[in-house]
Amino acid sequence: GAVVSQHPSRVICKSGTSVKIECRSLDFQATTMFWYRQFPKQSLMLMATSNEGSKATYEQGVEKDKFLINHASLTLSTLTVTSAHPEDSSFYICSAGGQGTNTEAFFGQGTRLTVV
Amino acid sequence: GEDVEQSLFLSVREGDSSVINCTYTDSSSTYLYWYKQEPGAGLQLLTYIFSNMDMKQDQRLTVLLNKKDKHLSLRIADTQTGDSAIYFCAESWTAGNKLTFGGGTRVLVKP
Chain A
183 GAVVSQHPSR VICKSGTSVK IECRSLDFQA TTMFWYRQFP KQSLMLMATS
233 NEGSKATYEQ GVEKDKFLIN HASLTLSTLT VTSAHPEDSS FYICSAGGQG
283 TNTEAFFGQG TRLTVV
Chain B
640 GEDVEQSLFL SVREGDSSVI NCTYTDSSST YLYWYKQEPG AGLQLLTYIF
690 SNMDMKQDQR LTVLLNKKDK HLSLRIADTQ TGDSAIYFCA ESWTAGNKLT
740 FGGGTRVLVK P
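First to last, the sequence lines map onto chains A and B. Start counting the first sequence at 183; every next residue gets the next number (the numbering used here). Start counting the second sequence at 640; every next residue gets the next number (the numbering used here).
The following block holds chain A by itself, in its conformation from the complex (with noise of 0.2 Å):
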């Protein structure tokens, strides 16, 4: 199947300190990319829709200005944690559909951020 990868996977950082983690799809073109956040012992929530050479199409509830994403290529996005504080420690995983992916979303390994 198709591979998505995530980096880094394991990233702590300072308080107030920002930190950018990358999804790649290694094989096709991901045209659109979906970022999650899981906290711990709970489910997945999207976050974000991240669409190739456009702007990201944000849940409710979760700050634009905090979660920056870029999309500007077919096999890459990133997702970008400003100003990053404790609370915002947490699993954020990737995955990747579009061209290539018929029946499934391909997930990435996942990053885990923890700020201190």
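If you are wondering where the hints come from, they were derived from the structure by calculation, not from laboratory data. Even for Gly, the Cβ is constructed at its ideal location relative to N, Cα and C. Treat the hints loosely; a few may be bogus.
Simulated restraints on C-beta separations [as the list claims (entries may be wrong)]: (1) Leu747/B x Gln291/A: 38 to 48 Å; (2) Leu250/A x Gln719/B: 24 to 34 Å; (3) Gln291/A x Asn691/B: 28 to 38 Å; (4) Lys223/A x Gly721/B: 30 to 40 Å; (5) Ser236/A x Leu647/B: 37 to 47 Å.
We have chain A; now place chain B onto it with these hints.
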């Protein structure tokens, strides 16, 4: 909006069958998925079913779909200790699109 619900926890003895249940509310759901998540790891797609099917079998996994009742189940035959994980059902109205996840069912397999 869409809502997907699962029971929180399931305990099963090794070698027995496990059945994980899921209900959803969106009648336009076309694709229904089961994912497995092990501690600290990402999501592994186990299987999926189209809404025009009522059953799908893949080795030890059997998915049953009752579209009328919007009820989905995953049966794992001959459950092994390696099957201990959290299982998420999810739905989407089109392929490769955003998914709405259930809360996850934590399965504990006891020897």
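To see whether the hints hold, each was checked on the structure:
1. Between Leu747/B and Gln291/A the beta carbon distance is about 24 Å. The supplied range of 38 to 48 Å is therefore violated.
2. A hinted range of 24 to 34 Å for the beta carbons of Leu250/A and Gln719/B is inconsistent with their spacing of about 43 Å.
3. The given range of 28 to 38 Å is respected by Gln291/A and Asn691/B, whose C-beta atoms sit roughly 32 Å from each other.
4. Under the hint 30 to 40 Å, the C-beta atoms of Lys223/A and Gly721/B, about 21 Å apart, miss the expected range.
5. Taking 37 to 47 Å as the suggested C-beta distance range, the pair Ser236/A and Leu647/B conforms, at roughly 38 Å.
When held up to the earlier numbered hints, the structure conflicts with 1, 2 and 4 and fits the remainder.
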